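A.B. asks: Chain by chain, the residues run as shown.
Number of protein chains: 2
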Amino acid sequence: MKKNELKKIIFKIFKKHKLVHKHSNICADAIINAEIVGAHSHGLSRLKMYCDRIKKNLINPKPKFKIKKYSNSILHLDANDSIGFVAADFAIKQAIKLAKRTGIGIVGVKNSGHYGLSGYYIEQAVKKNLLALCFTNAPPAIAPYGAKKSLFGTNPISFGTPSGSTAPFIFDSSMSKINRGKIRVAAKMNKKIPFDVALDKNGNITSDPKKALEGVQLPIADFRGSGLAWMVDILSGVLTGSAHSGKVKDPFDDFTGPQNVGHFFLVLKHNIFINNYLNRIKENIKNVKKLPKIKGVQEIFYPGQRKFKKYKINLNKDILISNKIKNELFELLND
Amino acid sequence: MKKNELKKIIFKIFKKHKLVHKHSNICADAIINAEIVGAHSHGLSRLKMYCDRIKKNLINPKPKFKIKKYSNSILHLDANDSIGFVAADFAIKQAIKLAKRTGIGIVGVKNSGHYGLSGYYIEQAVKKNLLALCFTNAPPAIAPYGAKKSLFGTNPISFGTPSGSTAPFIFDSSMSKINRGKIRVAAKMNKKIPFDVALDKNGNITSDPKKALEGVQLPIADFRGSGLAWMVDILSGVLTGSAHSGKVKDPFDDFTGPQNVGHFFLVLKHNIFINNYLNRIKENIKNVKKLPKIKGVQEIFYPGQRKFKKYKINLNKDILISNKIKNELFELLND
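Sequences listed follow chains A and B, in order. Quick note, our numbering runs 1 ahead of the 1-based positions in the first sequence. Quick note, our numbering runs 1 ahead of the 1-based positions in the second sequence.
These are calculated hints, taken from the structure and not from any lab test. Nothing here was measured: the structure is a model prediction, and the numbers come from that model. Take these hints with a grain of salt, some might be off.
Identical copies look the same in the list; a pair holds intra-copy or inter-copy alike.
What the hints assert, rightly or not - Below are the SDA-like pairs computed for lysine to any residue, each with C-alpha atoms no more than 25 Å apart in a straight line:
| no. | residue 1 | residue 2 |
| --- | --- | --- |
| 1 | K212 | K294 |
| 2 | K248 | F66 |
| 3 | K70 | Q95 |
| 4 | K327 | V21 |
| 5 | K98 | Q125 |
| 6 | K270 | Y71 |
| 7 | K178 | K189 |
| 8 | K150 | K296 |
| 9 | K287 | G204 |
| 10 | K150 | K283 |
| 11 | K67 | N280 |
Next comes chain A alone, as it looks inside the complex (with noise of 0.2 Å):
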């Protein structure tokens, strides 16, 4: 389907479920960019999940955010359950703007929701040539070292830089070994997952998927990994006064209430420090792409850079829509 065209049927739905027209656009623009960029569980697959959400009333359409000044560089976002996207689009944006003002910017948010992709909202801060960090929690899916049962959500630390080329460094990664999706796909095609990335419902490590899927998925470098969900969960959920510790809700299967994400998001000034930072970065990036690579290895890419090939290659390309998926937007439509 073309991108236009599909952005309008998708900026229907939200509008027909009650979000304002500004909203919708938001909401639109963050589902066509995970299908550019390829992220299709980011993506459309989650649409109908929201418009269910929304009619529960457990996302509100029409949020009234709370905004709190702690100071010119710190601030506070009660999103009151708005959906993700347009609470993560507002932090970013303060904190972009704060950090302009002072070099420094960081905006923390409550009763939030999925957001889709961490890496999208860091771009924006990227593209005004700054760098930001951004932290959020999400529903229960790893299992802290040494526990059997899951609590940390896939907790995905996002990073970005400038970096002196036309593709942004940003970096975005789950601290999840393995993610549901590609357990659920190799259940479905009866193979194995590797060794060592989930315990079955009894907490011993298995390949078997079908019981991967009982059981839980582990962190990723074992109590590192850990260490760095939990910090996510602290930085994320328990200071910004969201849910944290496992409360976080499903967005998919549990509507119980409210999801209460929590988001932490950090901007700085390249200038905070130095004043060639650019150059600098520039030539880092140089420094490591340059190194000898190993076996089959043809560049050594920045974190960032093949997303942005495969976002230059698909931007002019038509997104790729199934017919479950083409259903879901008919009936979301005519809801």
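Could you slot chain B onto chain A? The hints should help.
C.D. replies: Structure of chain B alone, referenced to chain A:
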């Protein structure tokens, strides 16, 4: 040896090597602390190296700090080739002051050196009921994802928060899958190292510690750890004006100039967004700790909890010193 006695000796050694009274004290305390928590590779084993570098004018025993204030929340420190302990101690104390006044304190440091354990500085902030995050770069140790030559340092990420209990929550982790010391021990004992933690000099995975010593260590979690190590290099090295992208000098092997390590400290008040953080973090930790455990695990520890236990146990014990170190201490005293 009694701790007081040992501290006096280390203090004397630094004084003898021209550090001022206060700086000698800071260094002695940091080294004693590393020994107490069992981080021997960051303790006495480095003392001779520090003194060697002072004698060769690669560490400046009487540094003149240049401090540049960007705002009430942001400072830059040119540490003038100070020993890392002194630069980091000054930087964290400044970051704490800034955070107490404005909610957030950021200090970037250039022209510093190896400062021991990141968690040691984070602890200073946590003891004052603040949250803290710190990054430092280091000499080449791990290969960027796809490369067969090391460039990033162990580049630890360290994060701390008051925990609501006596043991502070302090996460402090290198981005390397294995530390070089462990590879050296395996080589000495003719033991294999785990699969997939190191490459030989040709870029092939090896379990042979001797081949690994000629090759490179791998980052945790493949491209994810590589990205995190890169982020640390950018924030602590590129942004602060320090050496970066493999240019930080190895303190043991490279006497061609000062190390020029960079650090980045960020300290936050816990009430910037909400008022009941301390109760919330206590609840957060409780919820994680009470999860069902995998077989063989008695207790789920939060980061820093084990180290604190070790600290408490060792605090009233003597410090064991090998003959090699005793000889070094003797020689350094009589240098």
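A.B. asks: State for each hint whether it applies.
C.D. replies: Structure-based check of each hint:
1. K212 to K294: between (38 Å within a copy, 18 Å between copies)
2. K248 to F66: within (22 Å within a copy, 47 Å between copies)
3. K70 to Q95: both (11 Å within a copy, 24 Å between copies)
4. K327 to V21: Within one copy only: 24 Å inside a chain, 74 Å across chains, cut-off 25 Å.
5. K98 to Q125: Result: close within a single copy only, 12 Å intra versus 31 Å inter.
6. K270 to Y71: both (20 Å within a copy, 11 Å between copies)
7. K178 to K189: within (20 Å within a copy, 33 Å between copies)
8. K150 to K296: between (39 Å within a copy, 12 Å between copies)
9. K287 to G204: Close across copies (20 Å), not inside one copy (44 Å); limit 25 Å.
10. K150 to K283: Between copies only: 20 Å across, 43 Å inside.
11. K67 to N280: For K67 and N280, the Cα distance is within 25 Å only across copies (23 Å; inside one copy 40 Å).
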